[in-house]
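Please put together the full structure from these sequences, using the hints given.
Single-letter residue listing:
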Amino acid sequence: MPRENIPLPCRVESLSVLSADGVLDKDLEPKLPEADLKRLYRTMLASRMLDQRCLMLQRQGRLGTYGPCRGQEATPLGVAYCLREEDWFVPTYRELPAYLWRGWPMEKHLYWWGGSELGSATPDGINDLPLCVPIGTQCQHAMGIAWGCKLRGDNTICACFVGDGGTSQGDFHEAMNFATVYHVPLVMVIQNNHWAISLPRHKQSASQTLAQKALAYGIDGIQVDGNDILAVIAATSEAVEKARTGGGPTVIEAITYRLMMHTTADDPKKYRTAEEVAEWEKRDPLPRFAGYLRQKGILDDDTEAAFKDEINAEIEHAVEIYENTQHDPFDMFRYMYAEMTPELQRQMAELKRHLETPLPAPSPREQAGDVV
Amino acid sequence: MAQLTMVQALNLALAELMRDDPDVLVLGEDVGVDGGVFRVTDGLYQEFGDQRVIDTPLAEAAIVGAAIGLCVRGFRPVCEMQFDGFSFPAFHHIEGHVRRLRNRTRGRFTCPMVVRMPYGGGIRAIEHHSEAPEATYAHLAGLKVVIPSGPRNARALLRTAVLDPDPVIFFEPKASYRAFREEVPDDPETLPIGKGVVARAGRDATIISYGATLRAALEAAEELYDEYHIDAEVLDLLSVAPLDAELIHESVRKTGRVVVAHEAPRHCGVGAEIVARIVEESLLFLEAPVARVTGFDTIIPFFVNEKAYLPDAARIVRATVETLAF
Chain A
4 MPRENIPLPC RVESLSVLSA DGVLDKDLEP KLPEADLKRL YRTMLASRML
54 DQRCLMLQRQ GRLGTYGPCR GQEATPLGVA YCLREEDWFV PTYRELPAYL
104 WRGWPMEKHL YWWGGSELGS ATPDGINDLP LCVPIGTQCQ HAMGIAWGCK
154 LRGDNTICAC FVGDGGTSQG DFHEAMNFAT VYHVPLVMVI QNNHWAISLP
204 RHKQSASQTL AQKALAYGID GIQVDGNDIL AVIAATSEAV EKARTGGGPT
254 VIEAITYRLM MHTTADDPKK YRTAEEVAEW EKRDPLPRFA GYLRQKGILD
304 DDTEAAFKDE INAEIEHAVE IYENTQHDPF DMFRYMYAEM TPELQRQMAE
354 LKRHLETPLP APSPREQAGD VV
Chain B
7 MAQLTMVQAL NLALAELMRD DPDVLVLGED VGVDGGVFRV TDGLYQEFGD
57 QRVIDTPLAE AAIVGAAIGL CVRGFRPVCE MQFDGFSFPA FHHIEGHVRR
107 LRNRTRGRFT CPMVVRMPYG GGIRAIEHHS EAPEATYAHL AGLKVVIPSG
157 PRNARALLRT AVLDPDPVIF FEPKASYRAF REEVPDDPET LPIGKGVVAR
207 AGRDATIISY GATLRAALEA AEELYDEYHI DAEVLDLLSV APLDAELIHE
257 SVRKTGRVVV AHEAPRHCGV GAEIVARIVE ESLLFLEAPV ARVTGFDTII
307 PFFVNEKAYL PDAARIVRAT VETLAF
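As given, the protein sequences belong to chains A and B, one line each in that order. Heads up, the first sequence is in this note's numbering, so the first residue is 4 and it goes up one at a time. Heads up, the second sequence is in this note's numbering, so the first residue is 7 and it goes up one at a time.
Under 8 Å between C-beta atoms, here's a sample of chain B residues computed to sit facing chain A:
{"hint": "1", "residue": "ARG79"}
{"hint": "2", "residue": "HIS98"}
{"hint": "3", "residue": "ARG108"}
These stretches of chain B come out as covered by chain A in the derived footprint (C-beta under 8 Å, 3 or more residues):
{"hint": "4", "region": "54–64"}
{"hint": "5", "region": "109–115"}
{"hint": "6", "region": "243–253"}
Pairwise CB distance ranges (calculated):
{"hint": "7", "chain 1": "A", "residue 1": "PRO137", "chain 2": "B", "residue 2": "ILE305", "range": "21 to 31 Å"}
{"hint": "8", "chain 1": "A", "residue 1": "ASN158", "chain 2": "B", "residue 2": "VAL39", "range": "22 to 32 Å"}
{"hint": "9", "chain 1": "B", "residue 1": "ASP27", "chain 2": "A", "residue 2": "GLU244", "range": "31 to 41 Å"}
Hints were generated in silico from the structure; no laboratory data involved. Everything numeric in this text was worked out from a predicted model, so none of it was measured. Backbone N, C-alpha and C fix where the C-beta goes; we use that ideal spot for every residue, glycine too.
Structure follows, in structure tokens:
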């Protein structure tokens with residue numbers, strides 16, 4: 004037969020557990036311990052409150068440009084929940100709740116957006132890369148880490164985040180290609196928040212789903228409701244288990260929405276309608292999760308109020324640490340190499356001299372009109 | 007002691023390093039079964055297997071990007087870019103991550119990787135196979151940039167580079183890969199990165215060079231001595247980042263006359279930095295303006311004309327004679 008169909012494994016599932024209006028699919032509901040559910044909610048709330056506080060701080064000139072993650076909390080949090088402490092986590096820059104879940108102190112977030120490398124210095128004992136700004140590049144690093152996990156044979160895996168915009172980068176595709184060629188334990192999570200600054204999802208890619216991009220590489224792709232933390236946990240726990248048991252990589256496309264601006268440097272009113280945002284407000288992951296917990300009797304007004312008080316105190320504490328930190332300009336020289344080069348020593352001395360030794364006062368002109 | 011070409015010496019260094027440390031990995035295009043297009047990794051696949059000598063898919067960005075992750079997991083990857091001109095798809099990882107990881111994590115994560123690549127012209131290669139991009143990399147703080155000139159220093163410097171706790175871009179002059187042999191000792195040796203050597207001592211002028219151009223510089227020095235009675239000192243920088251400024255100043259202060267020779271283009275080339283350093287700290291020792299003998303600020307010509315582009319002994323002789331006549 005000269006021309007016939009090649010039977011390809013082409014399947015992309017879509018998964019939702021808790022609908023936007025609170026309807027629960029009991030068969031698909033992950034059975035999570037009550038304490039975990041409480042802690043998850045508390046972390047989601049903490050992320051939302053810290054995010055809000057950062058916007059305020061930015062407006063008050065106390066923080067640099069800020070990229071909020073409001074509305075996207077369920078996906079990073081759900082993914083982080085499925086990882087073990089010793090697993091590896093590679094974010095982009097809108098995964099605040101995952102960092103909080105994995106133990107990053109709040110002041111780290113403030114440091115990074117406040118312009119200090121202290122915010123990208125991963126705390127000891129936490130296996131996370133810092134925020135990654137060049138879009139999509141982190142996919143390659145995560146693939147390399149996952150490859151390292153496999154070579155080390157230490158039963159760890161790596162989870163990586165990328166945005167809908169990031170899927171247009173070559174790095175995303177190269178990473179998926181390597182990941183499947185070397186069959187590495189990688190969970191690649193696409194946070195499809197519909198907007199790459201001003202470019203809408205439909206102009207980013209003509210693919211019907213972003214999950215299907217995985218299929219070309221021989222990777223399973225699944226689409227989940229990224230504002231439904233239960234769906235995220237259900238899909239991620241499967242992918243993590245598969246990776247850990249030698250099943251190779253998975254791509255998860257989480258459908259979510261950036262409720263705020265890309266960063267405080269842009270105005271979303273220029274490129275999208277208030278109606279669209281209002282539609283997505285109804286699917287906000289935080290009240291949806293709260294409703295589920297209240298229905299289960301795990302959350303009530305008192306608990307919620309207590310959480311808020313505790314979190315506010317934590318945020319105040321973090322802001323205090325952040326604003327009272329002295330930053331040493333000479334640190335710029337200290338971490339370039341394991342051992343400072345002679346030229347850097349020379350340049351450091353030059354800056355020191357400039358900062359500490361005033362230039363001698365200019366000699367007075369002998370007579371007015373001397374200098375032409 | 008064995009008489010080895012640079013290719014053989016580099017191969018020996020890699021084999022020694024891989025025997026010493028199971029965390030040393032070699033990855034690149036055709037580096038495994040094929041042993042690399044220049045055979046630098048020949049036999050490593052057979053000795054160390056496909057988990058340590060890895061034939062990757064054809065994606066330079068992924069080779070370096072993966073190596074970043076492997077560094078985070080404690081490995082020491084040695085990446086091969088098949089040719090200098092193909093290193094640029096990986097450039098955004100080198101610029102954006104490799105050189106920054108230590109600094110931005112305040113030392114929590116580091117990138118002790120080596121990115122090796124065949125470097126420069128002179129082998130009648132096709133387009134994109136004869137580039138000399140060392141200044142592009144030397145301009146990136148956080149990297150070290152090494153360019154050996156012969157088999158013995160290539161083997162010693164590659165060892166140092168792989169053992170170095172920071173990322174090293176390792177340029178291997180193609181024109182020197184098989185051009186000559188040198189005695190290479192049986193036991194592994196190292197040479198410090200950031201230190202050059204006096205390749206030929208002299209009193210009348212200093213010729214500063216590195217890589218394949220060093221051979222032209224040494225040839226020029228012989229001709230200058232025999233034909234023009236000029237006793238030139240030749241410096242082999244070996245590293246262009248960090249730069250061995252001390253060695254340069256010492257020689258310049260002795261001779262007062264300087265010719266810088268490299269095959270990369272002149273504008274913002276390593277020579278420009280060398281001249282700036284001399285002007286900053288040794289200006290009053292100069293007897294004549296510093297001369298630069300370099301590739302021109304053009305695209306390196308296709309190979310029928312590459313000889314006119316690459317600095318050779320004759321151009322270095324001319325520049326030195328004119329410097330002495332100033």
